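Colleague: Produce the complete structure using the sequences and hints provided.
Residue numbers (numbering that gives the first Met the number 0), protein chains in the order written: chain R, 0 to 157; chain U, 0 to 85.
The hints are simulated quantities; they were obtained by calculation from the structure and are not laboratory data. Errors might be hidden in some of the hints.
The calculated label-pair distances, taken between Cβ atoms and stated as ranges, are [stated by the list, open to error]:
{"#": "1", "chain 1": "U", "residue 1": "27", "chain 2": "R", "residue 2": "17", "range": "21 to 29 Å"}
{"#": "2", "chain 1": "R", "residue 1": "102", "chain 2": "U", "residue 2": "32", "range": "32 to 40 Å"}
{"#": "3", "chain 1": "U", "residue 1": "85", "chain 2": "R", "residue 2": "141", "range": "50 to 58 Å"}
{"#": "4", "chain 1": "R", "residue 1": "17", "chain 2": "U", "residue 2": "10", "range": "15 to 23 Å"}
{"#": "5", "chain 1": "R", "residue 1": "128", "chain 2": "U", "residue 2": "52", "range": "31 to 39 Å"}
{"#": "6", "chain 1": "U", "residue 1": "81", "chain 2": "R", "residue 2": "131", "range": "37 to 45 Å"}
{"#": "7", "chain 1": "U", "residue 1": "45", "chain 2": "R", "residue 2": "83", "range": "42 to 50 Å"}
{"#": "8", "chain 1": "R", "residue 1": "20", "chain 2": "U", "residue 2": "83", "range": "34 to 42 Å"}
{"#": "9", "chain 1": "U", "residue 1": "9", "chain 2": "R", "residue 2": "22", "range": "15 to 23 Å"}
{"#": "10", "chain 1": "R", "residue 1": "17", "chain 2": "U", "residue 2": "58", "range": "30 to 38 Å"}
Given the structure is predicted, the values throughout are model-derived calculations rather than measurements. For glycine and all other residues, C-beta sits at the position ideal for the given N, C-alpha and C.
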Amino acid sequence: MYGDMLMTLGIFLFIGLAIGVLIAVFYLKNLQDLLKECDPSNVQMPPVNVWLMFIPLFNIVYGFIMYPKITESIRREFESRNAPQEGDYLKALGMTMPILNVVGLVPVQALKGIVGLGSLVVFIIYWVKAAEFKNKLRSLPKADAAGVRFSDNPDLLD
Amino acid sequence: MLDCSWKKTTGLDCPGCGFQRSFDQLVHGNLTESLTLFPALLPFLFLVMYTMLHLLNPRKFSARPIVVSAILTGVLMAGNWIYKMI
Numbered sequence: 000m001y002g003d004m005l006m007t008l009g010i011f012l013f014i015g016l017a018i019g020v021l022i023a024v025f026y027l028k029n030l031q032d033l034l035k036e037c038d039p040s041n042v043q044m045p046p047v048n049v050w051l052m053f054i055p056l057f058n059i060v061y062g063f064i065m066y067p068k069i070t071e072s073i074r075r076e077f078e079s080r081n082a083p084q085e086g087d088y089l090k091a092l093g094m095t096m097p098i099l100n101v102v103g104l105v106p107v108q109a110l111k112g113i114v115g116l117g118s119l120v121v122f123i124i125y126w127v128k129a130a131e132f133k134n135k136l137r138s139l140p141k142a143d144a145a146g147v148r149f150s151d152n153p154d155l156l157d
Numbered sequence: 000m001l002d003c004s005w006k007k008t009t010g011l012d013c014p015g016c017g018f019q020r021s022f023d024q025l026v027h028g029n030l031t032e033s034l035t036l037f038p039a040l041l042p043f044l045f046l047v048m049y050t051m052l053h054l055l056n057p058r059k060f061s062a063r064p065i066v067v068s069a070i071l072t073g074v075l076m077a078g079n080w081i082y083k084m085i
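Modeller: What follows is the structure in structure tokens.
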């Protein structure tokens with residue numbers, strides 16, 4: 000009876016973990032696609048490096064490196080397309096996540112609950128905003144090598 | 000050592016349970032005991048150290064060993080976890 004309960008719980012945990020991994024895959028794929036939208040001259044890290052966030056423990060440190068680089072990449076990309084955006088290009092949100100991850104290591108159960116909830120909220124907001132930036136970049140015309148935006152208006156072309 | 004929130008809540012091991020004890024055994028030179036507690040420890044340590052080298056010098060240290068060791072670590076972690084659950 001007790002063994003059956005544990006087995007059921009184990010299966011639920013396994014399914015939960017698999018769903019968690021799947022969500023992480025979609026989240027990181029979104030970040031990779033966002034960086035792929037940036038010109039190689041503006042991008043501050045290879046887009047494929049976002050997958051390093053899958054490495055346990057290492058991702059706690061790497062978050063402090065990756066998120067500022069994403070911010071800097073999209074800031075440069077928007078500016079090179081002469082379309083600067085309002086706000087800090089996810090800088091504050093991006094730094095909040097690794098900070099919350101570190102705070103979550105403090106072995107106080109009550110704190111872990113609050114931090115976990117906060118992390119989830121920040122994670123969702125970051126994901127949504129990153130997707131918005133990605134879609135904005137897709138809709139904007141690309142800049143040429145000199146950072147000049149190509150015109151869409153045929154009347155202005157020679 | 001840090002407590003595992005997962006184990007505290009559910010009473011069951013998480014996929015990373017045994018990591019700290021395994022590392023402790025490795026530091027004390029008990030390789031067999033270390034591998035028994037958490038078989039993925041060595042590929043995981045290699046993965047972390049190699050990834051740092053790759054980030055410092057991507058030309059010299061290619062990304063392929065990262066992919067291989069990450070897959071090996073994941074498979075060993077999942078396999079060990081399922082084995083412990085059964």
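Colleague: Which earlier hints turn out false for this structure, listed by number in ascending order?
Modeller: 1 and 8
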